[in-house]
Amino acid sequence: MPSPLDGKIGGDWDNGVSVDPDRSYLVSFLWHEPPSQDVHVNFRGYPGRTAVPRCIDVRTIAGRTRRRSIPCFSDPRGARRLGKLLVTVYTVNRDADQWHVLYAWRERGSLYAVSEHVAKPLTYRRVVENLDRLVEGLVRIDPRT
Amino acid sequence: MAGGAAAAALGATGVYKLVEHLGRAPRRLPTADRAPEQHLLHGLRVIEDEGVEVIVPPLHHQLVTAKLRVEPRRPDLRGAQHALEEALLRLDEEFESSARGLGLTVAWGLSYFERYVPGQAARHLPVDLRASSTRERPVRALIDAIRFPSDPEDVLLEDNDLAVLLRSDEPEHVTEGAQAIFGELDALFETTSIRKGFAAGGYDGGRSLPKQMAVAAGVPGADLIPETAELFLGFTSTQKDGLGPLGIANFETLGLVDLGPRNYFRAGTSMHVSHILENLEAWYLDFDFAERVTTTFSPERRAREGTQTVPQKPGAVADSGGVVRDFHRFGAIGHSASIQTTSRLQRDVVAADGKVYRKGTAIPQRADFNTLDNPFFWSARPERDRQQAEPAAGVHFVVFNPTSDDFHRNRLAMDGVLPDGTRLPFEPRARGQGLNSVLQTTHRQNFLVPPRRARSFPLVELLT
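Those sequence lines, one after another, are chains A and B. So the first sequence is numbered by my numbering: it starts at 1 and just counts up by one. So the second sequence is numbered by my numbering: it starts at 1001 and just counts up by one.
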C-alpha cells in the first residue's frame, strides 16, 4: 500500500467498507492532510458480473437538475499484464473513484478494481507506479462464508 | 538592475533548454516577403491531418512587453522611432518574414497612445463603428482589456506600452530578434515581462513539442497528454477552416472601423494577449474523451476515440439559436460553438478590396502557443505578476481581431454572453461552460498592431 496507508480494515486509515444489495463492495483507505493532500485507495469487487458498472451523473445548471447514466470507469488507456492479472487502465472514473486512476480486471466471472486518487502529494506517474506495485502484490483470499 | 536581468533573460533558456533539441524545424515553403501587414506570417505549411487541412504553426514563440523610458518630447521620440526602425530593418535584412526566418510583430498599448501621442491618437486611431453604434458613443478600435465573467477576480489587466511577438521554427532567430530590440535598445525600453513557449511538432508522427516539454518539466497531467497533440489540451486548433484567412483581421477588411482622415492604420489590426493556466489533470482525469470533444466543440459533436483533429467547416458553424438550444437541452455549451456565434461571418461579406468572404468564414487570426511559464518566463514585477519558479502548463493566448471589441465579443460568447444579447445563466467556470472550468486567466491586455510602415513609435512623425 502507498505510504502511509496500511490496508488494515478497522485500522487508522480505514475509510469504510460498504456492500450493496447486488453484493458489489467497496473497501476504502484514506490519509488526509488539510487543506488538500490525500492518499486514497479504493478496492472494488463485482461478484458474478464482468460488465463495467453504470453511475448516475447529476448536474444542476441554472436551477435544473439533469441525471444521466454513464460508465463508472471510462477513458481506457490500454491493457497491461501485472503478475497473472491482465488489467485495463481507466483514467476517468466516477463516484468514489473520481480523479482516481483505476485498474480493473476480470477473473472467474467477476470484475475487480483498484484505484488511487491523483492528488497532492502524488502525481499521475507516481499513482501509476503505486498501482503497479499494489496490483502485483495482491493475494487472492477466498470467502469463508 | 532589472534591465540587466531582463537582458540576460532574453537569451536564457531555463525550462526551455530542451526545446532547442526537441523541436525539429518542419519543411517550409518559400515566402512572399514584406507584406504591408506585420501581423501576418506567410509561407506556413498546410498539411492534412486525420483528413482535415491543418496549418503548421511556428515551433518557437516569444512575447516581450515593455514600458518606454523615453520622455514624451518630440526630439526624444523621433530619435527613438529612428533607432527602433533601424533595429527592425537590420532584422528584416537578416531574416525573411516567415516561420523559417522570423515573424516579428510590434504592437502598442493604449498607454503609449495616451501618454506620448495623445493629439495624434485622437485624430488617427481607428474608430470601431459597430461598438460605437452599440454604445451610442465613439469607441476606438483599441480599448482597455476587461475582466470577463469567467475570469478570476484577481486577473491582472496590464498597461504595457508595447509588446513584441517573435515567432520562428528556429529558437536562435527568436533570441536574436529579442536581443536586437530589447537588449540593444534598453535605453528606450524597460522590459516588463518575457513570455516564451512552443506549439506543434507532432504532425510527422513523433512526439509533439508540447507533450515532450510538459513531460520533461514534470507538470501535473503531462503523462496524460496524447503523444502527438498540437497543444496540451489534446486537440488541434489550427484547422485551416478555423483560422481567419490572411488579411481578414485587418482594420479595413470587414468595414468594422473608420480609419480616419489619412487611413494611417490601414493594414493594421488589434491584438489581444492573455496568459491562461491550464489544469491538465482536471481535463484528463475528470472529462472523458467524449466529454472533452463535446465541451471543446459542441454538445452534439461526436468523434472517434483518440481523434485530435476535428473538422471546423465554415458550412457547419453554430449560431446563437443553436447554442441556446444546446444550453436548454444539455445544460452545456461547446467552446467552439459558442465562440463561433461571433467569430464566424454570419453572412457573406464583400471586403474593401472587393474580395468576397463567405458566411461561416473565421475572423480571428490566432497566434497562441503553449507555455510552461508561471505566469511568465521573467517578470520585472514578480510580486505583482505572482511569478512562480515551478513550471505550469498554460497558454499565452495571442490573437488578432479587427478591433478589441471584436475580441471581447468572442470572449463573452465563450462565457455564454451571446451577440443577440442572450445571457446563459452559468456560474463562473461552471462545468457546462466547457473549457472554462479548467482554465484560469492571470493577465490580459489589448494592443494595436500598426502596419509595417508605421510599426516604430506610430504617429510620432506627425508630432509638431
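Heads up, a few of these hints could be off.
Now the in silico label distances, taken between C-beta atoms and shown as ranges [stated by the list, open to error]: (1) A:Arg68 to B:Ile1047: 33 to 39 Å; (2) B:Gln1388 to A:Asn15: 30 to 36 Å; (3) A:Ser110 to B:Glu1427: 23 to 29 Å; (4) A:Pro35 to B:Gln1388: 38 to 44 Å; (5) B:Ala1316 to A:Lys8: 55 to 61 Å; (6) A:Asp14 to B:Glu1427: 34 to 40 Å; (7) B:Ala1290 to A:Ser110: 45 to 51 Å.
Don't read these hints as lab results, they were simulated from the structure. Keep in mind it's a predicted model, so treat the numbers as computed, not measured. Backbone N, C-alpha and C define an ideal beta-carbon position, used for all residues, glycine too.
Okay, the hints, checked on the actual structure:
| no. | hint | result |
| --- | --- | --- |
| 1 | A:Arg68 to B:Ile1047: 33 to 39 Å | holds, 38 Å |
| 2 | B:Gln1388 to A:Asn15: 30 to 36 Å | holds, 33 Å |
| 3 | A:Ser110 to B:Glu1427: 23 to 29 Å | violated, 41 Å |
| 4 | A:Pro35 to B:Gln1388: 38 to 44 Å | violated, 18 Å |
| 5 | B:Ala1316 to A:Lys8: 55 to 61 Å | holds, 57 Å |
| 6 | A:Asp14 to B:Glu1427: 34 to 40 Å | holds, 36 Å |
| 7 | B:Ala1290 to A:Ser110: 45 to 51 Å | violated, 27 Å |
Violated hints, in rising order: 3, 4 and 7; the structure is consistent with all others.
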